[in-house]
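*Asks:* Just so you know, the sequences run in chain order A and B.
For the first sequence, the numbering used here assigns the number 1 to the initial residue and increments by one for each residue that follows.
For the second sequence, the numbering used here assigns the number 1 to the initial residue and increments by one for each residue that follows.
These are calculated hints, taken from the structure and not from any lab test.
Take the hints with a grain of salt, since some may be wrong.
As the list claims (entries may be wrong) - Over 10 Å on every C-beta distance to chain B, these chain A residues come out as not near it, computed from the model:
#1 Thr21
#2 His54
#3 Leu63
#4 Val77
#5 Gln80
#6 Gln83
#7 Arg106
#8 Val125
#9 Val129
#10 Ile151
#11 Val212
#12 Ala218
#13 Gly234
#14 Gly251
Said to hold, decoys possible - Beta-carbon label-pair distances, calculated as ranges:
#15 B:Thr143 - A:Val222: 39 to 49 Å
#16 A:Gly202 - B:Ala190: 49 to 59 Å
#17 A:Gly283 - B:Ile134: 31 to 41 Å
Claimed, not checked - Not the full set, but computed from the structure, chain B residues with beta-carbon under 10 Å of chain A:
#18 Arg20
#19 Leu25
#20 Phe42
#21 Leu84
#22 Val88
#23 Leu89
#24 Ala186
#25 Leu188
#26 Tyr189
#27 Leu201
#28 Ala244
#29 Val248
Note that this is a predicted model, so its numbers are computed, not measured.
Glycine residues also receive a C-beta, built at the ideal position from the N, C-alpha and C atoms.
Take a look at the letters that make up each chain.
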Amino acid sequence: MAARDAEPERGARRIRAPRFTMALPAWIWFVFFFALPVLWIVYYSFGYKPDLYHPIATDKLSLEAYRQAISSAFLHVFSQTLQISILGTTLCFLIGFPFAYWLATRVAPRWRGVLLGLVIVPFFVNFLVRTIGWFILLSPNGPLSSLLQKIGVLSSPLHLLETRGAVQLGVVYNYLALMILPLFVTLDRLDPAMREASKDLGAGRWRTFRQVTLPLAAPGIVAGLLLVFIPLTGDYITALVLGGAKGNMAGVMVASQFTLAQNWALGSAQAVILVAMILGTVGVFAVIALVVRSLARASRKITLPPVAEGTA
Amino acid sequence: MSAVAVSPRGRRDLVDVLLRVWGILVYAFLFLPILVIVAYSFNNGRAMLVWSGVGLDGYRTGITDPTIQDAVKTSIVAASGTALIATVLGSFAGIALARRKGRWTVLFLALVFLVLVTPEIVDAIALLIWYVRIGGPFGPRMTIPAVSYGMLRLWAGHSLFATAVVTLIVRARLQGLDETLEEAAADLYAPPARRFRQITLPLMFPAVLAGGLLAFALSLDDTIISSFVSVAGASPWPVYVFSAVRNVLRPEIASVSTLLLMVTLIAIASVALALRRGGQSGEDVAKTMAGAG
Chain A
1 MAARDAEPER GARRIRAPRF TMALPAWIWF VFFFALPVLW IVYYSFGYKP DLYHPIATDK
61 LSLEAYRQAI SSAFLHVFSQ TLQISILGTT LCFLIGFPFA YWLATRVAPR WRGVLLGLVI
121 VPFFVNFLVR TIGWFILLSP NGPLSSLLQK IGVLSSPLHL LETRGAVQLG VVYNYLALMI
181 LPLFVTLDRL DPAMREASKD LGAGRWRTFR QVTLPLAAPG IVAGLLLVFI PLTGDYITAL
241 VLGGAKGNMA GVMVASQFTL AQNWALGSAQ AVILVAMILG TVGVFAVIAL VVRSLARASR
301 KITLPPVAEG TA
Chain B
1 MSAVAVSPRG RRDLVDVLLR VWGILVYAFL FLPILVIVAY SFNNGRAMLV WSGVGLDGYR
61 TGITDPTIQD AVKTSIVAAS GTALIATVLG SFAGIALARR KGRWTVLFLA LVFLVLVTPE
121 IVDAIALLIW YVRIGGPFGP RMTIPAVSYG MLRLWAGHSL FATAVVTLIV RARLQGLDET
181 LEEAAADLYA PPARRFRQIT LPLMFPAVLA GGLLAFALSL DDTIISSFVS VAGASPWPVY
241 VFSAVRNVLR PEIASVSTLL LMVTLIAIAS VALALRRGGQ SGEDVAKTMA GAG
């Protein structure tokens, strides 16, 4: 992709290798097994399916596959995917933040390592197998269903599988650790003295949290949100195992164009739209976050003078 | 805001208790499906979902079934190769990013970023088409003696994300370390190769080890790329499970998963012990293993 731009510049010093030499193997690897294949998908997305027996033809290029990909049936899946992933990312944050805060600030340091390790242990079980665990739990004749019927909460078997709710639960579970880890790392690096100083200056707990802890944890929050949102939006396994027809997600739709329908042009176009949707959403939220931050800063500047507020 | 300060002690205790309860609930949530899998691994029935008595049938079948044996073996070979490729490529890229900065770093980091954000399903379909196109050692026609083309496909596919991860971990580690140690070695007339072996390598070793472990784990966990690019005869364990999901779930899947979890935990524990003996605290070890070091 970019390997040629540095060559002519550094030609003058012949004794020293160019500065990117050590990164060259990785560079070649990424270009050959990532950039070129993905560009090929982009190329195929302009093609079409010629007949029943051929998955792709590229003799005339058009936007036909894109037109198909945003037709109503597929558009519904894209919007449902976005809803599931935004709600899922929000839930991961709401569950993960208090947890990471507790782990970083309330747990004695000698237990922190062990407890952090315990967060990771479930993720040593294969992604698919973990999801099967939920499949068993949620199934109509599974343990949760019979327990709820026995204690009288439910009168008929549990019907959670093959719904959007099951997919929502599954994705929150499968990506929660990716939220907890970066949050823990930043909260753990926060000097407790910062919070104490805030308290000494008369700020209450809520105010300290809002004006000291939260802004300082911002890098971890951003990392966590990205680490969860990006793979969650492209999720394929969770929706496939728990979702059925009602809990369909874009990843399943893309895959089915290659495994079942054999329409590579449509599948490629859907894949390109999926990536664009992820990058677009991240971009929109980044802009919103920047605006909110500058607004918050502006408003805080005004309220700065009356200091003797929280002294009651 | 003034309500906060009314009774600081009482409120503090309440928040502490709530946070602790939350912590316990999150652990329960995290372990619930794992416990289900472990419990159902002792199901003696033919189908996983139909409970018919406690027993070790699942384990017996799981250990002796040749298809499962092959799948697990393929998984381990795939993960080892992935870890090796990712550690070598990622370590050198990480060193270059941390110690040989230049205009190229922005471009390279952009590529790494793209590898990390591209959904795996997109990688999977792209690689499937690519392998079919390029053929060569990645296609069925040309055979390299010791390695099947299916395995080559898995190594290349799994190592993409893993290499990106190792690159970032090694870069973070070296950026956090002062370069003066390496400069001092240079001042003391250590030639570059020796400087690398005696100063840089030991300094970055925890990151390399953590990266290698992560690469191994990522490869073992990978289902999406594997299910698209793997071929009959070299399909790893998750692909076996995947086909079982589509047909019928048997208890041996839970049994073998439980065994694999045990093996993983023992391996992790011994690496943690080794790191701890090397002078890191428990928290450091956990952080290094979590890839945050």
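*Asks:* Could you run down the list of hints and mark each one as holding or not?
*Replies:* Hints versus structure:
1. For Thr21 of chain A, the condition that its CB be more than 10 Å from all CB atoms of chain B is violated, with the nearest at approximately 7 Å.
2. No beta-carbon of chain B comes within 10 Å of the beta-carbon of His54 of chain A; the shortest separation is about 13 Å.
3. Chain B leaves Leu63 of chain A outside its interface by the beta-carbon criterion, the shortest separation being 19 Å against a cut-off of 10 Å.
4. With a least CB separation of 13 Å from chain B, Val77 of chain A remains clear of the 10 Å interface cut-off, as annotated.
5. Every Cβ of chain B is farther than 10 Å from the Cβ of Gln80 of chain A; the closest lies at roughly 16 Å, confirming the non-interface assignment.
6. For Gln83 of chain A, the condition that its CB be more than 10 Å from all CB atoms of chain B holds, with the nearest at approximately 17 Å.
7. With a cut of 10 Å on Cβ distances, Arg106 of chain A falls inside the contact zone with chain B, its closest approach being about 6 Å.
8. Listed as a non-interface residue, Val125 of chain A fails to keep its Cβ farther than 10 Å from every Cβ of chain B; the least gap is roughly 5 Å.
9. A beta-carbon of chain B is positioned within 10 Å of the beta-carbon of Val129 of chain A; the least distance is around 5 Å.
10. No Cβ of chain B approaches the Cβ of Ile151 of chain A within 10 Å, the least distance being about 17 Å, so the stated non-interface status holds.
11. Chain B leaves Val212 of chain A outside its interface by the beta-carbon criterion, the shortest separation being 14 Å against a cut-off of 10 Å.
12. Listed as outside the interface, Ala218 of chain A is consistent with that label: its C-beta sits roughly 17 Å from the nearest C-beta of chain B, beyond the 10 Å cut-off.
13. Distance to chain B contradicts Gly234 of chain A as a non-interface residue, since its nearest Cβ pair spans about 2 Å, not more than 10 Å.
14. Listed as outside the interface, Gly251 of chain A is inconsistent with that label: its C-beta sits roughly 4 Å from the nearest C-beta of chain B, within the 10 Å cut-off.
15. For Thr143 of chain B and Val222 of chain A, the Cβ-Cβ distance of about 48 Å falls inside the hinted range of 39 to 49 Å, so the restraint holds.
16. Checking the proposed 49 to 59 Å range against Gly202 of chain A and Ala190 of chain B shows it holds: the Cβ atoms sit about 55 Å from each other.
17. The supplied range of 31 to 41 Å is met by Gly283 of chain A and Ile134 of chain B, whose beta-carbon atoms lie about 33 Å from each other.
18. Annotation: Arg20 of chain B was flagged as interfacial toward chain A, and the flag holds, the nearest CB pair being 7 Å apart, inside 10 Å.
19. The interface hint given for Leu25 of chain B holds, since its Cβ lies 9 Å from the closest Cβ of chain A, which is under the 10 Å cut-off.
20. With a least beta-carbon distance of about 13 Å to chain A, the hint placing Phe42 of chain B at the interface is violated under the 10 Å criterion.
21. Because the closest C-beta pair between Leu84 of chain B and chain A is about 13 Å apart, greater than 10 Å, the hint is violated.
22. This hint holds: Val88 of chain B has a C-beta 8 Å from the nearest C-beta of chain A, less than the 10 Å allowed.
23. Hint status for Leu89 of chain B: holds, given a least beta-carbon distance of 4 Å to chain A, under 10 Å.
24. With a cut of 10 Å, the hint placing Ala186 of chain B at the interface with chain A is violated, because the nearest CB-to-CB distance is about 15 Å.
25. With a cut of 10 Å, the hint placing Leu188 of chain B at the interface with chain A is violated, because the nearest CB-to-CB distance is about 21 Å.
26. Hint status for Tyr189 of chain B: violated, given a least beta-carbon distance of 19 Å to chain A, over 10 Å.
27. Contact between Leu201 of chain B and chain A, as hinted, is not supported at the beta carbon level, the nearest pair being about 13 Å apart and thus beyond 10 Å.
28. Given the 10 Å rule on beta carbons, the hint for Ala244 of chain B holds: about 9 Å separates it from the nearest Cβ of chain A.
29. The criterion of a C-beta within 10 Å of any C-beta in chain A is not met by Val248 of chain B, whose closest approach is roughly 12 Å, and the hint is violated.
The earlier numbered hints that this structure contradicts are 1, 7, 8, 9, 13, 14, 20, 21, 24, 25, 26, 27, 29.
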